[in-house]
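Q: Residues per chain are reported as follows:
Number of protein chains: 4
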Amino acid sequence: MSNSDKPDVDLQDRSIYRAWTSHTIRYNDLDPLGHVNNAVYSTFVEAGRTALLQPLFMENASLKIDTVIVRSVMDFHKELRYPGAVDIGTSVLRIGKTSVVFANGIFGRETGVCHASGEAYLVFFDLVERKSTPPPKVFRDALEAVMIG
Amino acid sequence: MSNSDKPDVDLQDRSIYRAWTSHTIRYNDLDPLGHVNNAVYSTFVEAGRTALLQPLFMENASLKIDTVIVRSVMDFHKELRYPGAVDIGTSVLRIGKTSVVFANGIFGRETGVCHASGEAYLVFFDLVERKSTPPPKVFRDALEAVMIG
Amino acid sequence: MSNSDKPDVDLQDRSIYRAWTSHTIRYNDLDPLGHVNNAVYSTFVEAGRTALLQPLFMENASLKIDTVIVRSVMDFHKELRYPGAVDIGTSVLRIGKTSVVFANGIFGRETGVCHASGEAYLVFFDLVERKSTPPPKVFRDALEAVMIG
Amino acid sequence: MSNSDKPDVDLQDRSIYRAWTSHTIRYNDLDPLGHVNNAVYSTFVEAGRTALLQPLFMENASLKIDTVIVRSVMDFHKELRYPGAVDIGTSVLRIGKTSVVFANGIFGRETGVCHASGEAYLVFFDLVERKSTPPPKVFRDALEAVMIG
Numbered sequence: 001m002s003n004s005d006k007p008d009v010d011l012q013d014r015s016i017y018r019a020w021t022s023h024t025i026r027y028n029d030l031d032p033l034g035h036v037n038n039a040v041y042s043t044f045v046e047a048g049r050t051a052l053l054q055p056l057f058m059e060n061a062s063l064k065i066d067t068v069i070v071r072s073v074m075d076f077h078k079e080l081r082y083p084g085a086v087d088i089g090t091s092v093l094r095i096g097k098t099s100v101v102f103a104n105g106i107f108g109r110e111t112g113v114c115h116a117s118g119e120a121y122l123v124f125f126d127l128v129e130r131k132s133t134p135p136p137k138v139f140r141d142a143l144e145a146v147m148i149g
Numbered sequence: 001m002s003n004s005d006k007p008d009v010d011l012q013d014r015s016i017y018r019a020w021t022s023h024t025i026r027y028n029d030l031d032p033l034g035h036v037n038n039a040v041y042s043t044f045v046e047a048g049r050t051a052l053l054q055p056l057f058m059e060n061a062s063l064k065i066d067t068v069i070v071r072s073v074m075d076f077h078k079e080l081r082y083p084g085a086v087d088i089g090t091s092v093l094r095i096g097k098t099s100v101v102f103a104n105g106i107f108g109r110e111t112g113v114c115h116a117s118g119e120a121y122l123v124f125f126d127l128v129e130r131k132s133t134p135p136p137k138v139f140r141d142a143l144e145a146v147m148i149g
Numbered sequence: 001m002s003n004s005d006k007p008d009v010d011l012q013d014r015s016i017y018r019a020w021t022s023h024t025i026r027y028n029d030l031d032p033l034g035h036v037n038n039a040v041y042s043t044f045v046e047a048g049r050t051a052l053l054q055p056l057f058m059e060n061a062s063l064k065i066d067t068v069i070v071r072s073v074m075d076f077h078k079e080l081r082y083p084g085a086v087d088i089g090t091s092v093l094r095i096g097k098t099s100v101v102f103a104n105g106i107f108g109r110e111t112g113v114c115h116a117s118g119e120a121y122l123v124f125f126d127l128v129e130r131k132s133t134p135p136p137k138v139f140r141d142a143l144e145a146v147m148i149g
Numbered sequence: 001m002s003n004s005d006k007p008d009v010d011l012q013d014r015s016i017y018r019a020w021t022s023h024t025i026r027y028n029d030l031d032p033l034g035h036v037n038n039a040v041y042s043t044f045v046e047a048g049r050t051a052l053l054q055p056l057f058m059e060n061a062s063l064k065i066d067t068v069i070v071r072s073v074m075d076f077h078k079e080l081r082y083p084g085a086v087d088i089g090t091s092v093l094r095i096g097k098t099s100v101v102f103a104n105g106i107f108g109r110e111t112g113v114c115h116a117s118g119e120a121y122l123v124f125f126d127l128v129e130r131k132s133t134p135p136p137k138v139f140r141d142a143l144e145a146v147m148i149g
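Residue numbers (our numbering), protein chains in the order written: chain P, 1 to 149; chain W, 1 to 149; chain F, 1 to 149; chain G, 1 to 149.
Every clue listed holds true.
Pairs involving identical chains hold if they fit within one copy or between any two copies, as the list cannot separate such chains.
Calculated lysine to aspartate or glutamate pairs in the EDC-like style (CA-CA distance at most 20 Å, straight line): (1) K97 with D126; (2) K78 with D10; (3) K97 with D141; (4) K78 with D13.
Keep in mind that the hints were calculated from the coordinates and are not lab data.
The whole structure should be built from the sequences, with the hints applied where relevant.
A: Below is the structure:
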């Protein structure tokens with residue numbers, strides 16, 4: 001099942017990801033089934049996005065711009081077990097007028113196996129006007145630098 | 001944007017939900033933006049599913065059947081603020097050979113506003129054979145009882 | 001073992017608590033042992049404190065005062081199971097020059113059983129001066145109103 | 001304020017810790033104050049304990065022994081900020097008839113600063129008899145190997 005309108009993009013393929021961050025699995029990530037609870041995957045891909053966006057927001061705080069998530073899609077391929085660590089890949093799939101779509105992949109650090117992949121749709125938000133807004137050029141440039149294709 | 005292949009189903013419409021559970025928002029659900037973090041929405045819709053499935057699993061533990069999530073889709077319509085509570089609506093959209101698709105809606109308890117809606121795809125899993133399996137009749141009957149349309 | 005220097009205060013006694021809030025247990029609160037993970041108890045007692053403090057902070061935002069936690073003590077008496085709900089009792093044990101000590105009790109909503117009790121030590125913090133500070137009178141008055149004894 | 005009855009043990013001193021594990025800070029660990037929420041500290045010290053205990057439990061599953069936490073004490077010395085990572089130190093302070101007390105320290109990986117320190121009291125639990133039990137020799141030996149002094 002495709003979850004992208006770029007049909008030639010395979011979200012389980014490590015080579016499509018432009019930015020990487022790593023996180024360890026905690027005992028408290030586990031649920032009664034003994035594997036990492038599905039909500040933690042949202043936390044992992046958020047961590048991947050934030051590693052990209054946080055420095056931008058810090059350096060450009062005067063622009064009063066933030067992003068809000070409007071849609072997330074996650075495909076779960078293989079459960080995550082404790083102990084272990086994950087490498088989280090992040091790329092930009094598309095940039096719209098006021099939006100950006102990220103591709104995300106969660107890979108076992110030791111194995112390289114893709115445990116989950118997905119997309120996150122965010123909208124740029126003007127904190128003063130309280131409405132969506134096109135991304136300032138400094139944001140757009142940074143996002144294009146990690147765009148696929 | 002439709003996230004269902006039943007195009008006539010509006011996931012933001014309270015009346016499509018057959019089962020309900022309620023949860024309170026905790027201070028620790030908030031992130032630095034001061035609203036409920038997006039990962040908590042996954043926890044809320046899981047809580048809705050579990051309220052339905054847990055009794056079934058408990059009563060039929062001898063069948064050694066569980067479910068695993070294979071896909072989640074969430075549309076975020078309006079941020080959630082503290083303090084407050086949510087009503088979580090759950091229905092079954094489709095039952096496949098070894099799978100089931102749930103519809104989920106998260107509504108403000110006071111306001112009735114739909115803050116998020118989505119779908120969760122689960123697969124029935126035989127804990128002994130370690131592979132996917134058609135749902136036993138008792139599960140299928142329970143799921144059909146909360147199916148839309 | 002006493003965890004208070006008011007030796008006549010029994011933290012497991014519902015009648016000592018002056019303020020109450022209620023929270024539901026979520027499936028995702030459970031850990032591989034099938035009961036609520038110990039970190040969630042910290043979230044529950046924080047929720048109890050916040051229900052008291054948050055309105056104060058909102059109404060007095062111009063004072064630029066916050067609190068930081070400097071010590072927590074929690075005694076776990078009985079595990080919490082899903083599904084269920086808890087009543088969280090909060091009182092003030094002591095007010096110091098720049099600090100306040102809260103007493104906390106977590107009780108099963110259905111049973112009234114005390115599942116955990118403890119203390120949280122907080123310090124008032126001047127957000128402008130970036131240092132601890134005596135609580136303004138409006139805070140002190142509100143805390144004295146829920147003080148034990 | 002001492003939180004140990006071994007008054008000569010300084011829980012903020014890295015050199016007292018016998019076992020170490022490391023974890024990354026996640027954006028979702030942050031609360032509205034922009035720092036790591038206090039409940040996450042419980043998750044960190046649990047991760048330290050679990051790194052020690054989990055292999056023991058796995059290798060000795062046939063003994064049907066587990067541990068339950070009965071008391072936690074945490075002193076918060078300095079807030080944790082994102083991004084970053086922590087080194088979590090764990091030692092055994094005391095072994096009782098059916099209990100064990102762990103010492104915990106949470107240190108900034110880059111800075112070596114002690115952000116929090118504390119103790120966790122656990123009881124050994126016989127999963128068949130459903131009551132507390134003295135630790136089997138294999139557990140006691142492993143705990144003594146990381147005991148202070």
